[in-house]
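Below, each chain spelled out in residue letters.
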Amino acid sequence: MVQTQFNGSELVVKALQALKVEYIFGYPGGSVLDLYDALFQQSDIEHILVRHEQAATHMADGYSRATGEVGVVLATSGPGATNCVTGIATAYMDSIPMVVLSGQVPSNLIGDDAFQETDIVGCSRPIVKHSFNCRNAEDIPTVLAKAFYLANTGRPGPVVVELPKDILNPKLKFEFKMPSQINMRTYNPSVKGHGKQIKKAVEAILNAKRLVIYSGGGVVLSDTSEQLKELVETLNAPITNTLMGLGGISGTHPNFIGMLGMHGNVEANKAMANADVILALGARFDDRVTNNVNKFCPNATIVHVDVDPTSISKTIKAHIPVVGCLSTVFDQLLTAINASPEKIDRAAQEVWWEEITKWREQKCLAYESSSEVLKPQKVIEKVYEITNGDAYVCSDVGQHQMFAAQHYPFKKPRQWINSGGLGTMGFGLPASMGVKMAFPQSEVLCVTGDGSIQMNIQELSTCLQYGLAVKVISLNNRSLGMVRQWQDMQYGGRHSSSYMESLPDFIALAESYGHIGIKVDKPSELDAALEKAFSIKDRLVFLDIRVDEKEHVYPMQIKLGAIDEMWLKKGVKA
Amino acid sequence: MRRILSILLENEPGALSRIVGLFSQRAYNIDSLTVGTTDDQTLSRITITTHGDDRVVEQITKQVNKLVDVLKVQDLTEVQHIERELLLVKVYARDENMRAAITRIADVYQGSIIDMGKQSYTLQLLSSSEKIESFLDLLRHESDIIELVRSGAVGIGRGDKALRA
Chain Z
1 MVQTQFNGSE
11 LVVKALQALK
21 VEYIFGYPGG
31 SVLDLYDALF
41 QQSDIEHILV
51 RHEQAATHMA
61 DGYSRATGEV
71 GVVLATSGPG
81 ATNCVTGIAT
91 AYMDSIPMVV
101 LSGQVPSNLI
111 GDDAFQETDI
121 VGCSRPIVKH
131 SFNCRNAEDI
141 PTVLAKAFYL
151 ANTGRPGPVV
161 VELPKDILNP
171 KLKFEFKMPS
181 QINMRTYNPS
191 VKGHGKQIKK
201 AVEAILNAKR
211 LVIYSGGGVV
221 LSDTSEQLKE
231 LVETLNAPIT
241 NTLMGLGGIS
251 GTHPNFIGML
261 GMHGNVEANK
271 AMANADVILA
281 LGARFDDRVT
291 NNVNKFCPNA
301 TIVHVDVDPT
311 SISKTIKAHI
321 PVVGCLSTVF
331 DQLLTAINAS
341 PEKIDRAAQE
351 VWWEEITKWR
361 EQKCLAYESS
371 SEVLKPQKVI
381 EKVYEITNGD
391 AYVCSDVGQH
401 QMFAAQHYPF
411 KKPRQWINSG
421 GLGTMGFGLP
431 ASMGVKMAFP
441 QSEVLCVTGD
451 GSIQMNIQEL
461 STCLQYGLAV
471 KVISLNNRSL
481 GMVRQWQDMQ
491 YGGRHSSSYM
501 ESLPDFIALA
511 ESYGHIGIKV
521 DKPSELDAAL
531 EKAFSIKDRL
541 VFLDIRVDEK
551 EHVYPMQIKL
561 GAIDEMWLKK
571 GVKA
Chain F
1 MRRILSILLE
11 NEPGALSRIV
21 GLFSQRAYNI
31 DSLTVGTTDD
41 QTLSRITITT
51 HGDDRVVEQI
61 TKQVNKLVDV
71 LKVQDLTEVQ
81 HIERELLLVK
91 VYARDENMRA
101 AITRIADVYQ
111 GSIIDMGKQS
121 YTLQLLSSSE
131 KIESFLDLLR
141 HESDIIELVR
151 SGAVGIGRGD
161 KALRA
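Read top to bottom, the protein sequences are chains Z and F.
Going by full-length UniProt numbering, the first residue of the first sequence is number 1, and it counts up by one from there.
Going by full-length UniProt numbering, the first residue of the second sequence is number 1, and it counts up by one from there.
Be aware that a few hints might be false.
[As the list claims (entries may be wrong)] Straight-line C-alpha distance at most 30 Å; calculated DSS-like pairs for lysine-lysine:
1) K412/Z <-> K382/Z
2) K199/Z <-> K209/Z
3) K66/F <-> K314/Z
4) K20/Z <-> K66/F
5) K229/Z <-> K200/Z
6) K196/Z <-> K72/F
7) K412/Z <-> K532/Z
8) K314/Z <-> K72/F
9) K90/F <-> K317/Z
10) K343/Z <-> K317/Z
11) K62/F <-> K177/Z
12) K550/Z <-> K532/Z
13) K363/Z <-> K412/Z
14) K196/Z <-> K161/F
15) K62/F <-> K317/Z
16) K62/F <-> K196/Z
Don't read these hints as lab results, they were simulated from the structure.
Starting from the given sequences, assemble the full structure and let the hints guide the process.
Structure representation (structure tokens):
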């Protein structure tokens with residue numbers, strides 16, 4: 001007999017199946033036990049049991065960043081839900097599509113301070129794209145369809161769905177009706193750029209003598225890197241990427257002038273500062289890019305394309321705003337450029353490129369090598385070589401993150417995965433696990449440090465359970481490197497709470513979780529250690545690499561300065 | 001600059017908190033806020049008075065529009081509009097001179113005395129927020145305010161055009 005009536009928990013599962021969900025990252029608890037029972041009785045969706053709900057959100061996040069699919073999280077009410085908050089905020093800041101299903105106490109107890117009751121919709125309100133208090137079992141399929149639609153259209157983001165225990169009750173049965181399409185009168189993200197604005201934009205671009213393309217995470221999220229490449233090559237324009245936009249154009253493309261911003265390349269920041277037209281694509285003029293907004297690129301006409309109107313003229317006034325979906329706007333721009341009788345001034349462009357080449361010659365990413373201590377930059381370069389530049393690189397937050405961004409040129413979008421907006425330490429390991437889940441045959445790295453790795457190290461246990469053979473590359477400098485760097489530069493070298501006096505034996509720790517640990521103490525040991533680590537394909541390898549604790553990340557923007565006012569190294573301005 | 005925003009949004013639980021939360025989260029000012037149902041049962045209408053420079057007000061309008069529950073936002077200050085606010089105020093009215101002065105002010109402003117105690121009058125005034133301010137100034141000159149409550153401004157555009165679904 002065909003089943004036609006389903007309980008609330010089964011409705012959740014059926015809706016998720018209809019939405020083609022493959023994995024749910026979560027942790028059970030009292031309010032969602034009925035739902036876990038329904039998950040147990042099917043095999044389309046695999047549930048991944050983490051060791052802490054924060055890790056579930058980062059895992060779903062990593063999975064989403066690598067695949068473009070919506071990451072799905074399931075947590076119980078109260079502490080389960082609040083543990084998700086950091087992961088939700090991380091996804092929100094980087095516009096990652098995610099749906100978080102949270103349990104809730106039964107409807108009749110809501111508001112009574114019942115056991116494990118938290119108003120998670122209230123707690124997460126400032127860090128979600130939207131949220132739903134689902135109050136009737138019949139509504140579950142529609143609410144979930146809306147949640148997924150909202151999460152993954154327009155500017156993507158996390159959506160929280162609260163499910164009180166009573167609507168998941170196995171005894172009450174309902175019909176399953178999945179809406180065939182979603183129409184919300186209050187939600188219509190722009191797709192096409194306004195014709196007049198496109199015309200103005202193309203006019204500015206073609207009349208530019210010193211054009212720079214500045215692209216961000218939007219290009220990665222909208223899978224438009226091919227169109228970006230076409231635009232860059234059509235215009236022969238220099239292109240810089242934000243931290244979130246790396247991989248949007250290949251890091252080895254001749255027109256790529258490096259990352260911009262606080263630890264960006266000098267040539268990228270100089271090009272921005274000296275540009276007459278800046279074409280910003282899916283970027284948001286974040287404070288880590290602009291430095292002092294009052295000194296920002298005074299001579300540039302700014303063309304800003306973004307799907308989210310609030311991103312435009314938020315920090316920097318756009319002269320030519322274009323609201324629209326990047327894939328459509330790219331087509332509009334390319335069509336208009338190719339059809340225009342005006343052509344870019346190639347002679348002026350040649351002069352512009354000569355200038356950029358001179359800035360490039362400063363070799364701003366160079367560092368002093370040493371045979372005594374390992375330089376963290378060296379480790380990243382070696383990892384790049386041995387992985388042929390093809391690995392997924394998931395990063396934690398701190399100096400190692402910047403070294404990875406600077407010294408591992410990414411060939412493709414979605415290859416570089418890091419918490420750019422929120423800067424969440426503890427993101428790297430679970431994110432890498434989510435990526436490995438999606439691409440088990442690919443090399444997936446977690447570049448981390450002795451500080452960050454300890455913020456979600458319990459997930460080494462999850463890795464063993466699911467056979468997630470990621471490579472943990474821990475740049476161990478016995479301190480919180482980025483904090484220490486700021487203390488060196490701005491606090492007279494007073495290292496207030498930025499060093500760790502009781503680090504665990506990471507090798508023994510990795511081994512106790514059932515993995516392989518490899519220690520690197522000296523520069524001479526690096527090559528052999530990496531070779532050994534990368535020859536192992538089916539086990540997680542934890543590389544504990546002792547690096548120079550005194551190393552600083554350079555170049556670095558000078559506080560309150562213009563975008564291109566930078567320290568090249570200690571005491572030397574670019 | 002002072003602005004009056006009219007917001008049409010889904011009449012759903014939590015929708016108001018998203019608006020209020022947005023203002024506090026992004027450090028925007030709320031000078032007054034009113035909310036009520038409309039002729040369309042599915043929609044609520046909020047009127048917010050706020051202030052800020054052009055850049056801030058542009059951001060406020062965009063950010064409010066971006067909220068998924070919000071259907072429409074209109075900056076009433078950009079169009080010809082009518083604005084009203086209700087004031088209820090209790091003032092001392094101890095002797096004949098005081099009572100006469102208060103009554104005179106109420107008459108001029110077309111307010112009314114809606115209640116009286118042994119020592120006090122309660123007045124009502126329906127007017128623009130600006131006129132309410134000057135009404136209160138005059139009252140303070142003649143008497144002392146015991147208690148005061150304002151509804152916050154509501155507004156509507158002039159002419160045949162309408163803000164609706």
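Structure versus earlier hints, numbers of those that do not hold, lowest first: Violated: hints 9, 11.
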